[in-house]
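Peer 1: If you want the building blocks of each chain, they are given just below.
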Amino acid sequence: MRFRFAEASAPLVAGVGILLLWEGSLWILSPDGFVLPPPSDILGSVGENASELWTAARITGWVVVSGLVVGVAFAVAASLLVNRFRLAREAVTPLMVAVNAIPIIALAPIFNNWFGLTSPRSNQIIVVLLVFFPVFINTVKGLSLADSSQIELMETYAASQWRITREVRIPTAMPLFFTSLKVASSLAVIGAIVAEYFGGRQDALGPMITQAAGLTRYADAWAAVLVGTIVGTILYFLAVAAERAAMPWHDSVRRGSI
Amino acid sequence: MTTEAIRATDVSKVFNLGKTNQVAALLNIDLVIEPGEFVTLIGPSGCGKSTLLRLIASLIPTTSGSISVNGKTAEQARLDQDYGMAFQKAGLFDWRTVAKNIELPLELMGWKSSERKARSKEMLDLVQLGDFGNHHPAELSGGMQQRVAIARALSFKPSLLLMDEPFGALDEMTREHVQDELLRIWQDTDTTVVFVTHSVPEAVYLSTRVVVMSPRPGQISTMIDVDLGGRNQFTRDDPGFHQAVTEVRKALRVVGA
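Those protein sequence lines, which keep their order, are chains A and B. Oh and the first sequence: position 205 is 205 in our numbering, straight run, nothing missing. Oh and the second sequence: position 80 is 1080 in our numbering, straight run, nothing missing.
SDA-like, lysine to any residue: derived pairs with alpha carbons at most 25 Å apart:
| no. | chain 1 | residue 1 | chain 2 | residue 2 |
| --- | --- | --- | --- | --- |
| 1 | B | K1112 | A | A159 |
| 2 | B | K1157 | A | R163 |
| 3 | B | K1157 | A | A159 |
| 4 | B | K1157 | A | A158 |
| 5 | B | K1019 | A | E90 |
| 6 | B | K1157 | A | S160 |
| 7 | B | K1100 | A | R163 |
| 8 | B | K1072 | A | E155 |
| 9 | A | K141 | B | W1095 |
| 10 | A | K182 | B | D1094 |
| 11 | B | K1100 | A | R166 |
| 12 | B | K1089 | A | M247 |
| 13 | B | K1117 | A | A159 |
| 14 | B | K1121 | A | W249 |
| 15 | B | K1100 | A | L176 |
| 16 | B | K1089 | A | Q161 |
| 17 | B | K1100 | A | A146 |
| 18 | B | K1089 | A | E155 |
| 19 | B | K1100 | A | S252 |
| 20 | B | K1157 | A | E155 |
| 21 | B | K1089 | A | S149 |
| 22 | B | K1100 | A | R254 |
| 23 | B | K1089 | A | R166 |
| 24 | B | K1157 | A | I151 |
| 25 | B | K1112 | A | S160 |
| 26 | B | K1117 | A | M247 |
| 27 | B | K1117 | A | I164 |
| 28 | B | K1019 | A | L87 |
| 29 | A | K141 | B | D1094 |
| 30 | B | K1089 | A | I170 |
| 31 | B | K1117 | A | R166 |
| 32 | B | K1089 | A | W162 |
| 33 | B | K1117 | A | P248 |
| 34 | B | K1112 | A | I151 |
| 35 | A | K182 | B | W1095 |
| 36 | B | K1117 | A | H250 |
| 37 | B | K1100 | A | Q161 |
| 38 | B | K1100 | A | I151 |
| 39 | B | K1100 | A | S160 |
| 40 | B | K1100 | A | P175 |
FYI, nobody ran anything at the bench for these hints, they're computed from the structure.
For reference, chain B alone in the conformation it holds in the complex (with noise of 0.2 Å):
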């Protein structure tokens, strides 16, 4: 028996509790996440899509409910570095090089130096930045950064990758280039990825499940399986793609989006 890589059972997240600004975030969620599977969370703004997922990386604290990753508690799969993170901010340190800053989780784990350098050096080759390694993040451009925080985020093989809107900020173009890389990178390395976006495309592209939420209270409104085979560039022209950008958005409209 293999163990779900994500369980959330009755997940509320109430912000500012019994004060005036209470806000209900999330109420009642239920969802189960498989190893292997890349699922999207998608909705309208307070849909509480980022909550969720900050829940899940026991960034924050649930309410009510409980959420178990890789069969453990959340805030113990976080503290075992079950998972990495990446933010819609790639958020690299400027006072370290590009090598550097995928060495970063290594070095709190306290890898060897020469370990160190070996993994960031396989992670640059991944995101095919190779000769950037000795480069300071102010001389690399937005995609290119964006492609830094995934290595980083990869650098120590988590089972789970939560990304948090990590391609809102570039181009169109930019942005293609990476989800493609994205996926072979998930492909080739049998992580399990929940992604946030507000791009209805974006998820049909990237996952196997799109988990549609609706706002105030934060709910799970519908769960669409996207079954397209392995991704090219003809994908998006497809009509099973089309079809499915469809479904999502019909699901978005019913949560008046």
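So here's chain A without its partners, still in its complex pose (with noise of 0.2 Å):
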């Protein structure tokens, strides 16, 4: 987990060139940058507008971290009940299933109409579900992944079956759950920024990119994607960290893969 120059710093060289690659071509080929903004217009464009942007990532940012954490907790608690309880797995993984093959960001529209337009609360319940489903489908099987002969020997202990989940099964589902809460953290931050295209406050980052861009200003809107952007990568790596910091000892924490 150390943090050497040398592996921060490639990353780096290699987006910098990406931009100024970027920033030298639309020179070349579209002097006007009418389709797409050169690099230097979208962080002047970010300059420009700091405080709107600023109050549109935290509005936008709690939209996204709320319905995170909501729908991470409902998928845990689902994930330990489907797994504890048989009737409960045979009841409701076909429904979830079902519920799973909603494309939910359709939903938006008419969350929006059953709990107002302009309230942020359609665009929390559609992070929810967006996030709840990787979630709950990982974690359920990391669950069921626990090792036979770890449970038979926590049997001779004649210990509880909820003690045998948290000494044996919450152990084994973390790899998973934390690969899934990587994958949830970026569905969130999209979930919300489209959802917010229908609806909800208008100061949020969604609309500020479809005013933008209705408008024709793209690095306004490009910037706003800047943001969200930023905010999905702090979000990814609070989950990194928070991995990290759960299972210290696994081969890919040790190893320090992301």
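With the hints in hand, could you dock these two chains into one complex?
Peer 2: Structure representation (structure tokens):
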């Protein structure tokens, strides 16, 4: 987990290189920057609209984080129930598969009508639903991978089912859970912004993008996308940090992969 | 009068009873094991030796007959934690340090943290892994992991140790080393051991009595007492040892192994 300059500088150099290429090729190919604005324009727009972007980032960020927390909590609770009770597994799993097949983002306009066009509630619910399935499916799988001889060992100690879950199943499920959490953190940002296209607070990132694009102010639209990317990146690395704190014993953590 | 460590009376076990894939795993088993014995169950695959061990551990129920452990039902003995168990897979918890693995049963029994630490240290010394308490299992070799599993099984000083091919996955040299370690622990701690194995020399080297089982359905075919006294590095070259090995091999040939 040590932070080495060489490791950090490689992606930095690559990133700056891509930006320079982008900027340089636009100079030649599309001097008016109409279709794709150069990075310098986008950064300029970030500077000009800093306070609006900061407000929007906080509003959308709240939708993302609250939806993520609630969705993950529901998913973990549901996967523990499904793992523990066969009846729950048989009753709920087909239902979950069916619900999972719904294109959740398509529900955004409907939810907007349910919860009020300017309320962020519908967007939060979209995020909750979007986050729920990858975490649920992966955690259920992870809980079921527990080693049978470890469970048998716990039975020789006359351990309760809950204790077996805590000592064996949950630690076994952790790698898959955290992988799904990383996927979910990106999904949450996508879900929040797309849901915001259809309603919710008008000073959030989603409406900023649609409005700027509608007025052909592409640099402003890209600036809002950039802020959304930053929110997603922060969340991703928070998930990585949580993973490293929760399972320092795991091979993948000790080898420092993300 | 001392209570028998284990008494199995007319025990049978049928898997999938009443279904088309019904299998008679054990038929009319009678076995008495006295405290302090080291008894090995040996026999070809499908003879039910692991099943018998699981019945004694009360991990699965008998179909008929009864098993008592330390004078109680097997179920009660499990609830009272009268035995420690070790499996072919060491089954250590990767997310716990070596010391914390040994402390696991003690945690479940509600021991105080200071007492747990003292005991895990004592057990680590017993299996000669004193310096490895803070390591994670992944950092240990297979033989070391198996020694930790034995330390874990013995951590609460049960009167009975049940072992299901615990050394099956080890190479020959490591295997002989942990066998000696197990014998030393057995002699030092007055534990009764029931040990399942595929290996004839292992059975003879370790035990005071070898129980030879036959398959389909699993039954006890012969019991052979082994009297070699204290084992040491010369035991495996001893004529008595070879005689006992031959005797067990003959018994196995009779049952079709």
